[in-house]
Structures are given as structure tokens and as C-alpha cells.
Amino acid sequence: MRETAKRHYDEGRLRAYLDEALPQHEMGEIAAHTLSCEQCQDHLNSLRKGKAEISALLQTPVYTPDPQLALARLMGQVEVDVLQPAAPLDGNGALTEQVQIGVGPSKPTLSRSRGRVWRGTGLGMGLGLAAVLMLLLVLFSGLRSNQAPQNTLQVPASSATVTIGKGDNLPTPAPSQEPEEIYAAQQMVTKMAPELVLPDVRTGRMVALSSFRGKPVVLTFWDTKCPLCTAVLPTLREVADNRNAVQFIGVTFGPRDNADSVNAFLSKNNYYWLFLHATSSSTVPYSLLAMPVTYIIDASGTIRAAHVGTFLNAAKLQGMLDTDMQKESDPVAGYVAQVMVRHIVISDTVVSEPLGGTAPPTAHDIWFANGTDHLLMYAVTSGPPNDEETSGATIWIDASGVYVYHSAPDNKVYSYPYNPRYIALFGPNPGAVDEALKKLPNARITEHTTMNGRPVVKIENVYSGGDPRINQSYVDRILWLDSETGRQLKSQYISHPTSLGSSQAITNTIVVTQDELLDAQSLPDDFFKFNLPGDARLVNDTLDPMGDFHSDWYDFQWPDGNFAVLMPRTPDFSGNADGLTTIGAKSGGVTYGVKYRSYPDGVPAEGRSKEEALQAAYDLAISEGKVLSQHDITLDAYPGREYRLLDSSGAFRIWRIYLAKGRLYTVFAKAPNDQTDMANIERFFNSFRLLTP
Amino acid sequence: MTDGDSQLLDRVRRGHEVAFETLFLRHYGSVYRVLYGLLREHEWAEDLAQETFLELYHNPPRIVETSLLAWLCRVALNRGYNRLRGKERERQRIERASTHQFTYYPDPSVEVLRASEGVCVREVLARLPERQSKLLLLRHAGLSYGECAVVLGVAPGSIGTLLARAERAFQKAYTTCEQPKGLLEGEQNEGNCQAPL
Numbered sequence: 000m001r002e003t004a005k006r007h008y009d010e011g012r013l014r015a016y017l018d019e020a021l022p023q024h025e026m027g028e029i030a031a032h033t034l035s036c037e038q039c040q041d042h043l044n045s046l047r048k049g050k051a052e053i054s055a056l057l058q059t060p061v062y063t064p065d066p067q068l069a070l071a072r073l074m075g076q077v078e079v080d081v082l083q084p085a086a087p088l089d090g091n092g093a094l095t096e097q098v099q100i101g102v103g104p105s106k107p108t109l110s111r112s113r114g115r116v117w118r119g120t121g122l123g124m125g126l127g128l129a130a131v132l133m134l135l136l137v138l139f140s141g142l143r144s145n146q147a148p149q150n151t152l153q154v155p156a157s158s159a160t161v162t163i164g165k166g167d168n169l170p171t172p173a174p175s176q177e178p179e180e181i182y183a184a185q186q187m188v189t190k191m192a193p194e195l196v197l198p199d200v201r202t203g204r205m206v207a208l209s210s211f212r213g214k215p216v217v218l219t220f221w222d223t224k225c226p227l228c229t230a231v232l233p234t235l236r237e238v239a240d241n242r243n244a245v246q247f248i249g250v251t252f253g254p255r256d257n258a259d260s261v262n263a264f265l266s267k268n269n270y271y272w273l274f275l276h277a278t279s280s281s282t283v284p285y286s287l288l289a290m291p292v293t294y295i296i297d298a299s300g301t302i303r304a305a306h307v308g309t310f311l312n313a314a315k316l317q318g319m320l321d322t323d324m325q326k327e328s329d330p331v332a333g334y335v336a337q338v339m340v341r342h343i344v345i346s347d348t349v350v351s352e353p354l355g356g357t358a359p360p361t362a363h364d365i366w367f368a369n370g371t372d373h374l375l376m377y378a379v380t381s382g383p384p385n386d387e388e389t390s391g392a393t394i395w396i397d398a399s400g401v402y403v404y405h406s407a408p409d410n411k412v413y414s415y416p417y418n419p420r421y422i423a424l425f426g427p428n429p430g431a432v433d434e435a436l437k438k439l440p441n442a443r444i445t446e447h448t449t450m451n452g453r454p455v456v457k458i459e460n461v462y463s464g465g466d467p468r469i470n471q472s473y474v475d476r477i478l479w480l481d482s483e484t485g486r487q488l489k490s491q492y493i494s495h496p497t498s499l500g501s502s503q504a505i506t507n508t509i510v511v512t513q514d515e516l517l518d519a520q521s522l523p524d525d526f527f528k529f530n531l532p533g534d535a536r537l538v539n540d541t542l543d544p545m546g547d548f549h550s551d552w553y554d555f556q557w558p559d560g561n562f563a564v565l566m567p568r569t570p571d572f573s574g575n576a577d578g579l580t581t582i583g584a585k586s587g588g589v590t591y592g593v594k595y596r597s598y599p600d601g602v603p604a605e606g607r608s609k610e611e612a613l614q615a616a617y618d619l620a621i622s623e624g625k626v627l628s629q630h631d632i633t634l635d636a637y638p639g640r641e642y643r644l645l646d647s648s649g650a651f652r653i654w655r656i657y658l659a660k661g662r663l664y665t666v667f668a669k670a671p672n673d674q675t676d677m678a679n680i681e682r683f684f685n686s687f688r689l690l691t692p
Numbered sequence: 000m001t002d003g004d005s006q007l008l009d010r011v012r013r014g015h016e017v018a019f020e021t022l023f024l025r026h027y028g029s030v031y032r033v034l035y036g037l038l039r040e041h042e043w044a045e046d047l048a049q050e051t052f053l054e055l056y057h058n059p060p061r062i063v064e065t066s067l068l069a070w071l072c073r074v075a076l077n078r079g080y081n082r083l084r085g086k087e088r089e090r091q092r093i094e095r096a097s098t099h100q101f102t103y104y105p106d107p108s109v110e111v112l113r114a115s116e117g118v119c120v121r122e123v124l125a126r127l128p129e130r131q132s133k134l135l136l137l138r139h140a141g142l143s144y145g146e147c148a149v150v151l152g153v154a155p156g157s158i159g160t161l162l163a164r165a166e167r168a169f170q171k172a173y174t175t176c177e178q179p180k181g182l183l184e185g186e187q188n189e190g191n192c193q194a195p196l
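If you're matching them up, the sequences are chains A and B in order.
So for the first sequence, numbering that gives the first Met the number 0 puts the first residue at 0; every next one is plus one.
So for the second sequence, numbering that gives the first Met the number 0 puts the first residue at 0; every next one is plus one.
A hint or two may mislead.
Said to hold, decoys possible - Calculated lysine-lysine pairs in the DSS-like style (CA-CA distance at most 30 Å, straight line): (1) Lys48/A x Lys171/B; (2) Lys660/A x Lys585/A; (3) Lys315/A x Lys267/A; (4) Lys214/A x Lys315/A; (5) Lys457/A x Lys437/A; (6) Lys50/A x Lys171/B.
Said to hold, decoys possible - Here are some, though not all, of the chain A residues that point toward chain B, as calculated from beta-carbon distances under 7 Å: (7) Arg14; (8) Ile53; (9) Leu57.
Because the hints were derived from the structure by calculation, they are not lab data.
Remember, it's a predicted structure, so these values are computed and weren't measured experimentally.
Note that the Cβ used here is the ideal one computed from N, Cα and C, for glycine as well.
Chain B with its partners taken away, still in its complex shape (with noise of 0.2 Å):
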């Protein structure tokens, strides 16, 4: 953790509103691209931001570590899998009750209204192991890999290789995955990945 991170994050845990309001400033948009890249909703990232700088201003970490944008984005990330699987749990009750066949049409008219790319990436990244593509979330929203060790709890030694791996991975899923085209924001609907994983 930084010198300066440190002592403001002592600081927040006296109560002092001007020192959360810089770590906020300081580490807001790293922790919201974080979250756009797993959910892909503004809304959503937005939200999930805001309730990881909540705990961290109701429960700053007690243990020292080395990143507290680390933290943030563990917290982050958790929140954020956390809501993905509550859509997904929903999805399913709703499927099971429903009397209607959902059934995928192969005519472009109608393909297009399904999904988008966007859809597609969010799918993949929920059925990679959580590891895989935290990491991807992470140093793509430019952690750094210490930082990114960190939220992992593996050595910075092997970011390297867990990188590579993990995007071999996102690859190999993702060109498994229908992607309907021409859906636009608003209308976007469950997309029809199958991704292998």
C-alpha cells in the first residue's frame, strides 16, 4: 500500500470523511472499469462501486495490505460475481416456471434481437474459473501485476503465466459463443453462449 494510501485509510477509520472522499477520488475509476468489464452495465458498475466504497467507509480493512485498490477490487469482484449469479439464479426460476418454450430461432431477423457482443463477453467471463478472469478484469482495467497478485493471493512471479493461460481460455470460449450483432443498449437479452468451461 502507498504511504499516502495508508495513512488516509487510517484516517477513514477515525471517521474522517475528507480522507475516504480522496480514496474514493483516487481509486473510483479503476474500481468502476473493473466492474464494467465483468458486468458490462454501466448501471450495474456504477451501483456496485458505490457499495464497495460503502464498506469501505463502514468497515475499512483493519489488516494492512499491500494494495488497498487490491482490496477494493476483491471486494469489488465479489460483489459483482455475487450479482451475476443472483441474475442467473433468477433467470432459472423464471424458465422453470415459465410455461413457454424458450426457443433459439437461426433467422438472423430474429438472432439479432437476442443478444450482443457485449452479452456474450459477460457470459464467458461468468463460466471461466473465477481466477481466470478476475485476473482478465484486472489487468485489463490496468492493475498492476503486484496489485493483481495481490487480489489473487498468488506470487506477482506468476501473473505471467496465469495471464496467458487465462486468455487462451477467454479465447477458446469465446469463439464458442453465438454472437447475435446489431442489438443495441436497452434491449440486450441473455445471449446464447455455450461457452466449454
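With the rest of the complex left out, here is chain A (with noise of 0.2 Å):
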């Protein structure tokens, strides 16, 4: 619209005119127009004002999800809570997770002359950690005779010390190019599929996954929560339906499925071969980094090919079903994964500087933890006597030797913000550092530090385009890599500064997956050396001991010294807003925190006593949602109330009220329904405690 001396713009061509979406020229005229036209001005500046006060509310967050990780995520959804701890401490702070062991083919190879060998001393250059296993087996086979699997594995008795050596032949595992999900899958092909015993869905009928050896199987782990998984049935169906000789296994899990809402779906869409559900996948031995992931097996039980995501195709999977059943296998290798943890306490064992030390381990307290998608090394013993806080208690120290965590006999646990996946548990590999900065795009090496005494390169990768609204370049993601292992210690996302909104670094934990038993291939020869005791006694076996760990719960003690509680990990959000303060963390999709606000003694606060301010605090939490029940508590005399409510959005709210010291404190926990596993929420709940006399 051209402009006269006595009219103006409209407020569209001034709202483009901001945005600089005119061609040049108008934006020339408008701009030399509002120069002189008061009204225009007035105008301009008015929509300037509203656009910048809406791109203020309405700014992009303070971080966007990493294309690449979202995209690996596409391709076979990322089961974030298969990390979360597995196996939760029961009253006398030990694992209770029960599981089989040793189970697999009856009869291994041992020595193998090609591919990943475990070789040791008692048969000749090494054992292989197949043998180390089967050592434990044995050595503890006396004590458990009546749980002893069908399959339990036999070495000679001469075999008391062995060493996991590097071997001469021993290939460098190359660095993963993959997604770690897949990855991880990955590494399970040529292995034995490690053994099921689950319950059909539909009979409840338990069924175990080496019942259809003499077939191949395609096995499939999904869930019909999540539309990813579901997406792939259809085409497990089609080649389903052309293969009767195959035999087809899909399995589910809790919480996020049961029995009922799986056998509901199966029979809505018709899916008609075997499915078995699983309580929790944690208990699962197969890599569920990701879902949903289909394994080939084939008639011997070795683990021919493995699919990460929902891009199975019929095709693609008939490919799989013929071609890689050609694959060679790695017999000894399949046991790997079916290692079971020993919880094993050594009697007069002495351990000199446990508390934060880096001690290297000694020959007789490492023992090695397989759970089903971790692979850490650790060691269990009991204190010195005189010791009075470790005294009897359990100790359990990784693979570098560095002190993780002790529980104590008086079944307090004990944590210290420590976390054991920053320690590089494994090998040299050289050129690591150089291929994980390639695949950053402008990434450059800005520091060499060290981080819990490993030598670290710090790794800077500087934003350049892509967002039209950021003119400048600045570092958006910060990377820590072990020196010589190039694993990833640590890593920030980092928001624009300030066009984004306020600067928000985002920082991530790492996980330890399942290759790491690989990559322990290029260890020292005498590194891992396994010389038992007389006196070991087995206390029980579990899962996945270093599951509590992984989510990092420790005591967190508030600055002002007022209170403490046990969190899951760094709280990640925290404020204080109107007097009210806030902190609280999420994992394992809970949210977990403490709020207050203080009422000093004998003064109101906001007009109202702090009596009544309790009570409108009750009252907040029943008008939540539903309550499903309420019942009065105390904290060191002091009153309180816990209500346990679903709330509008079907999530599962438990809160804890107290009026305590002059404060009046709400301790929350938010979980995604109710039926979410409450072990760790009520240790959160049951760790808040006052400090101050």
C-alpha cells in the first residue's frame, strides 16, 4: 500500500514492517514514513512493545533435544527407565532382587582360536571371563546346591586363581558409530540369547524362552504404551503368517503394561502368537536401551541379528530370518550376559582407605556385576572390626577401586555424591577422543583437565546457524571425554544466551552399558585377578547392584542447614519465589522435592497464623484431585499430614505436610500413575528429616 502524507499504515504492513518481512523498498518507504508520521510511530512502537512482551512468554525453551539423539530415538524409542535402579534395597539394606544363574548351553567352548577370546591360567594362557564364572559357579555351588540351574557350568578345580588377561590376539573393539542403543543391541548378535522364564499373557502359563530351541525365534520387546512399538506388529504379523517354522515371542512390561491391557490389545488387533510379560524390564538380560528391539535367534539360541526401532519392514526381516542365521556365533561369549550377580560378604577383610579413596583394588575383594544392561565391576567386603562405621558393613568399591557406597548394619544406607560412571573403568583406545569430535560439527579441544583422576580433554562444539533468530555463534554443548578411553564423562547443552531466554546449561549423566565388558578386553593382564578366600561366604544373589547407583541418590543437605533429604540426584530445579523456596530432581520419570516457606514463630505471615496456614495447605492437596487416602504424621513431634491423591492428569501425587520450626514444609513426589514402583518415593520420603536442634 503506498502512503500519502495524510494517511498510515495499516497495522498488518507495520506488524510485517517489524518482522522485516517486506520487500525492500516498503520497508525503505515505511521506515522514512514513521520518521515523520507521530501516529505511525505510536503505532510501530506499540506492536514492538506487544511483540516483544509475547516473545517473551512465548520463548522457545531453554533447550532443544539434540536432533541426533532424538532421531536415534525415533528409530527405536530410548526406555529411559531401564536405567533406573533395578533392584531396591530391602530393610537390611541389601539387593533382594532374586535371579537364576548360570544358565546357557550345557556344554561351552572354552578355548576359542579365533574372535574374542577369555582365556586363563588354569587352561593354559589365561582364562576367559565364561571361566571366571563358571569359577564362582563352583565355588559357590556348595552353598546354593538346591537353587543350582540345570546348566550349571564345570571347570576344574585347579582353576582357583584366574586372571582375565589381555591376550595376544585380543582385537580392539572400534568405537561405536552407532546410536548406544543400538549399539548396545548389537553387541548381543553371536551371542547366546540369554534365557527367559516368563508367563504368557493370555495363560499365565510360564514359558521359557529355551523351550523352542530347535527353531529360530524372533523375539520382540515392546510395549503398547508406546506407538513405536505397536507401529512394528503389523509387519511381525505379515511375516508371521508366511512363517510357521518360526517361532514369534513378543514380551511387555511393567509398570507401563499388564497382563490384561496387553491381552486387551492383542486381541483388538488380532496378534496371535506368543507374548509374555515381564514385571519390570529391568529384570530382563537383554540390551532395552531402546524400544522396540526384535532378535533373530536361531535354532541353537545364539542371537543371529538384532533391530533397533519400528523401520522393520517385512522385508528386512525376511532378510533377517535368512541371511543372518549364516553368522558365525561366540559360544563363550554367550555367557557373558547371563553372569548373575553374587552378593558375597569376606569376612576380616580389611579395607584400608575406603572412604573416598583410590585405592587399587585388592586381589581378593573384586567381584564382577552383570545386570541386565550394566556391566560394572565392584567389590564387596565388610569393614575392620574397630571401625565403627563400617563395622560389618557392606562396601562396595568399582572397578577403578574407587569407594562407591557402604551399608551399614544398623540398615541405614549410606551415599555420598559420588558417581561411579564418571570413573573410566576401562582400557586405553586410542583415537576415541578424535572420532567423537568429529562427529560434532564445529568442535575443538579447549582444555586438558582431570575429573575424579582420570585425564580429561574438556570439548567445546560452537553453535553456526540454523535458527534465524541467532545472529551469533556461541558454544551450545560442552563434552568431558576420558583421555585415553574417549568415553564421555560428562556432557552440557548449553541454551543462546540471550535469545532464548535466560542461559541454561543442561547437564547430562552417563550411562555404562553393556559393551563395557569389551572394552575390558584391553585391560592390564593382571588388572581383574579373582583369588577368593576360604572364609566368602555367599549372602545372596542379585541383580543389578550398581542399579542404585546409576541414579545417583545421596544426601542432599539444604545450604541453610535446616534439613536433609535423599535425592535421586543434583536437584535440577530450585527456586524461591514470593518467600515460597523450592528444590526437587526427576528420575525414572518422578518427580521428587521439598518446598517451604517460613512462619517464624508468633508472627503471621501473608495475614493468616501459620496454623491456618497448615490447614489451607491441607486443603490445596484435597482439592488436587482424588484423594486415595490421607492419614496425620509427625516429624520429630512435630504435625503433619500425608496425602496420597491421583490428580486430573491420572498422575500419582504423594505429599507430606508438615508445619516444623517455624516453617511449613511440603515434601512432594510426582509419579506418573500409581502404579509406578514406590520403593525409591518412599525412601525419598522417609530420608527428610530436620537438622537443627
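Two chains, two frames, some hints: make the complex.
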């Protein structure tokens, strides 16, 4: 619209002018016009102000998920819950989940001349890790003979001392180019399929995966809540219709699913093959960092192919069934995934400097743990009798010899703000840092430093382009990699410092996965020695004792020294608004937090007494949704009340409200639903305590 | 549609995963930002962004449009609004079923527990006419006037006018939305918005 001296530009044109969405000549005309037209200038300023206000309100998030990671997740939806604590501590501080051990083929080959070889002194030059496992089974078979599986492994009694050796012909694993979840699944290929014994969702009858030996199996892990998972089922049916000789098996998990919900889904969609249901994904010894994941297992029980994600068409699956069956297997490595944890206490063993020290592991107190998706080394022992804190305690030490945590006989669990993932567990991997640099478009090493005693390089990636509102470059991602192994110890995503709101760094923790085992081959010959003393005794078998450590629970003390609580991780949100202070963290889909407002004795706040405020807080809880339960509680004799309710979104909330020491505290947790595992939630609530007298 | 997008989309139709991945990496950020703007929750935005690209993979658009990003944003916004409507229906159902009265307390110590600025923004957006809220989200997520016009099915020349109106309507609704403060992630509740639209 051309302008005359007496006319004014309409607001649409002025608004477009602000966004520079007009042709150049018109931009010039409006610029000139507004210099002389007060009315248009005011109008323009008003629009500019409105735009700025709304921009502030609609500002994009402080971080946008990494598209590469999002793509990997789309290819196979990442199951973060898998990484959360799997085996909760029981009242004695012991991990309670019981598992079957030693399931596998009855006559494994221990010495092999190609591929990855595990050899030990008892059988010549270095016995394989499988032999170590066998040793453990032999040593403790008498202690739990009534639980011994049918396929218990046998090794010569002379193999009392074994070393996991480096070996002359061991290849160094190449750094993975795949997303972690895909790489982890691929690592299971050529290995024996870990045993599953789970109930049929239709009949409740227990079914063993090994019972299908003699025919190929297509094993798919999925759940009904995941659209990517359900999208793969029609493909499976298409192939199943034409492959009568192949056994198709689907496995779902609680708490996301239960047998009824799965049954209803299967009936509705006529998925007719065998479906099993596990109570938790953490109890399944398969790499389930991503779902859906499909494993092709041959007639001998060896995994021949793995596919992560929903992009599995019938042709690809047919191809996997036809061609991948020809791959060679690695029967020894197959046992690795089947090792379960032995929880052992070795009496009268003194650990010289367990607390925060970095003493190297001694020969007799190293054990190893293999969970469903983690493989870490740890030690279990007892402290010196005269040490009040550790006497009779169970002490956990990771593979690098660094103290992790201990549980004392008073049934309390002591943990420390220490992350075992930050330790480089395994040996050198030359070139790994260079490989990591190649994956980032504008990355460079900015610092050489140390972390937990390990040499570390700091890598910064510079953002350039992509978002039209950001004209300058800035560091958008920082990685800290172990210099020798290339292991990513920490990473940060950083939002744009000005345009996208307040600057905030998102720190990611690191997940240790099963492929670590393979890296262990490059350790020095004598790094892990197993020389168990005669007084070792088995306490119990647990699946994943490191599960709790992965989530980094630690005793968080509020800086003012007034209260402390066990938190799953460093609080990732905190704030203070209008006198209300809140801290909290999310872990495993559950939000944990504490908030408080001060009500000094005798001083009414916000026009009401503290008793009135307490009642108002109670009323608020009731108004939040459908109250499932409520009852009075106390905290050091201070009054309070606990509410459990389902809110309008279906989320399960627990509030514990206390009026104590001049403060109104609300300790809260929010879980996705009321089927959520309560162990950690209960632990959180029970750990909240006042510190000042 | 850019030549690059057009060619890649053609390959996606023929099942080329690499082409799909390229488009994903190219447009994911914009789609995510649009969804986050509407939903104000990272998890929802990520979920629906995934679903949007899954839709692209399984049912790529047959008609060549002027902008693939516009198509993606339209799919994303439709899913986002459906999610919000579903949540609202569920909230109403529970409210009806509950024997408790939902009462709002004027006391700040109570109100701080109730809502956040983000919830108010979300509710105001949900109550604006869809065309207005969509335009605000698209534009503030960085889409051009042309791309916004494609999503909304209007002439590019009208975007400036529509945008000015939408911003005015948003401001008006937002000023009437009560904004409790201090609530943090994970404890967000329904806001007490009274958008007059």
C-alpha cells in the first residue's frame, strides 16, 4: 500500500515491517514515513512492545533436544526407565531381587582360536571371563545347591586363581558409530540368547525361551503405550503369517503394561502369537535401551541379528531370517550376558582406605556384576571390626578401586555424592577422542584437565546457523571425555545466552552399558584377579547392585543446614518466589521435591497464622484431585499430614505437609501413575529430616 | 518447498531412510519449538514431535506443497491441540466424578502451589481462536510469513494483520489470567485462567 502524507500504514503492514517481511523498497518507505508520522511511529512502538512481551512469554525452551538423539530415539524409542534403579534395597540394606544364574548351553567351548577369546591360567594362557563365572559357580555351588540350575557350568578345581588377560590376539573394539541403544543391541548378536522364563499373558503359564530350541525365534520387546512399538507389530504379523517354522514371541513389561492391558490390545488387533509379560524391564537380561527391539535367534539359541526401532519392514525381517542365520556365533561370549551378581561378604577383610580413596583393588575383593544393561565391577567386603562406621558393613568399590558406597548394619544406607559412571573403568582406546570430535560439526578441544583422577579433555562445540533469530555463534555443547578411553564423562547442552531466554546448562549423566565388557579386554593382564579366600560366604544373588548407584541417590543437605533428604540426583530445579523456596529433581519419570515457607513463631505471614496456613495447605491437597488416602503424621513430634492422590492428569502424587520449626514444609513426589514402583519414593519420603536442634 | 526437501520427500515415499533422517535433522528443531510453545512441556513436545515425524515416514504427503516444514507444523499442531483437548476432557471427567470441591484460595502461600506462568500461557493459547494461537506459535518458533501462510491456508500478505490481531488478543487474555508464581517443574497444576475468549 503506497502511503500519502495524510494516510497511515495499516497495522498489518507495520507488523510485517517489524519482522522485515516486506520487500526492500517498502521497508524503506515505511522507515521514512515513520520518521515524520507520529501516529504511525506510536503504532509501530505499540506493536513492537507487544511483540517483545509475547516473545518473552512464548520463548522457546531453554534447550531443544539434540536432533541426532531425537532421531535415534525415533528409530528406537529410548527406554529411560531401564536405566533407573532396578533392585531396591530391602530393610537390611541388601538388594533383594533374586535371579536364576548360570543358564546357558550345557557344554560351552572355553578356548577359541578366533574372535574375542577369554582365557585363563587354569587352562593355559589366561582363562576367559566365562571360566571366571564358572569358577564362581563352582565355589558357591555348595552354598546354594538347591537353587543350582540345570546347566551349571563346570571347571577344573585347579582354576582357583584366574586372571582376565589381555591376550595376544584380542582385537580392540572400534568406537561405536551407532547410537548407544543400537550399538548395545548389536553387541548381543552372535551371543547366546539369555534365558527368559516369563508368564504367557493369555494363560499365565510360565514359558522358557530355551524351550523353543530347535526352531528360529523372533523375539520382540515392546509395550502397548509406545506408538513406535505397536507400529512394528503389523510387520511381525505379516511375516508370521508366512513363517510357520519360526516362533514369534513378544515381551511386554510392567509397570507400563499389565497382562490385562496387553491381552486387550492383542485381542483387538488379532496378534495371535506368543506374548510374555515381565514385571519390569530391568529383570530382563537383554539390551533394552531402546524399544521396540527385535532379536532374531537361531535354532541353537544364538542371537543372529538385532533390530532397534520401528523401521522394520517385512522384507528386512525376511532378510534377517534368511541371511543372518548364517553368521558365526561366539558361544563363550554368550555366557557373559547371563552372569548374574553374587552378593558376597568376605569376613575379616580390611579395606584400608575405603572412604573416597582411590586405593587399587586388592586381589581378593573384586567381583563383577552384570545387570540387564550394565556391567560393572564392584567389591563387597566388610570393614575393620574396630571401625564404627564400616564394621560389618557391606562396602562397594568399583572396578577402578574407588569407594562407591556402603550399607551399615544399622540398616541405614549411606551414600555419597559420587558418580561411579565418572570413572573410566576400562583401558585405552587410541583415537576415540578424535572419533568423538568428528561427530560434532564445530568442535575443538579447549582444555586438558582431570576428573576423579582421570585425564580428561574438554571439548566445546560452537553453534552456527539453523535458527534465524540467532545471529552470533556461541558454545552450545560441552563434552568431557576421558583422554585415554574416549569415554564421555559429562556433557552439557547450553541454551543461547540471550535470544532464547535465560542461559541454562543442561548436564547429562553418563550411562554405562554392557559393551563395557568388551572394552575390558584391553586392560592390563593383571588388572582383575580373582583369588577368593576360604571364608567367603554367599549372602544372596542380586541382579543389578549398581542400579541404585546409577541414579546417583545421595544425601542432599539444604545450604541453610535446616533439613536434609535423599535425592535421586543433584536437584535440577530450584527457586525462590514470594518467600516460597523449592528444590527438586526428576528421576525415572518421578519428580521429587521439597518446598517450604517460613512462618517464624508468633509472627503471622500473609495475614494468617501458621496454623491457618497449615490447614490451607491441607485443603489445597484435597482440592488437587481424587484423594486416595490421608492420615496424620509427625516429624520429630511436629504435626503433619500425608496425602496420596490422583490428580486430574492421572499422575500419582504424594504430599507430606509439616509445620515444623517455623516453616511450613511440603515434601512431594509426583509419579506417572499409581502403578509406579514405590521403593524409591518411600525412601525419599522417609529420608526427609530436620537437622537443626 | 525447497528443491532439497522435495527430492528428499520423494525418496522418503520410496522408503529411503537416509532421506528421512536428513529431513528429520533439518526440521526437528522447528517442529519441537512449535509444539513446546503450545504445550509448554518438554516430554509432550518430544512425544508429539516424534509422532509427527513418524507420520511423515509412514504417510508422507502426496501433494507437493510449498513447504514441507509447513506440512510438518500443521500435523504437529493438530496433534498438539488434540492432546490438549484430551487432557481437558479428562480433567473435566475427574472433576465431575470427584466428591471434593475444587476451591481456589487467595492466599499466596497456597496459590504458589497451583500454577505457573507457563500454564497460563498454555491455557491462553488453548482458548484463543486456533488460527490466532497457531500463528503465534509458528511465527515465534521462527517460521517465515510464507510458511505460516501455508499452514494456516491464508495469503502471505495477510499474515502481518493476523499476527497483530493475534498478539493483541493474546495480551488481552493474558492480562486477565491469574498468575500464581513460584511453582516449579513437576508440580504444575491447572492454572486459574479466565481467558475471556
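Hints and how they fare:
no.	hint	verdict
1	Lys48/A x Lys171/B	holds (14 Å)
2	Lys660/A x Lys585/A	holds (27 Å)
3	Lys315/A x Lys267/A	holds (26 Å)
4	Lys214/A x Lys315/A	holds (20 Å)
5	Lys457/A x Lys437/A	holds (14 Å)
6	Lys50/A x Lys171/B	holds (13 Å)
7	Arg14	holds (4 Å)
8	Ile53	holds (5 Å)
9	Leu57	holds (4 Å)
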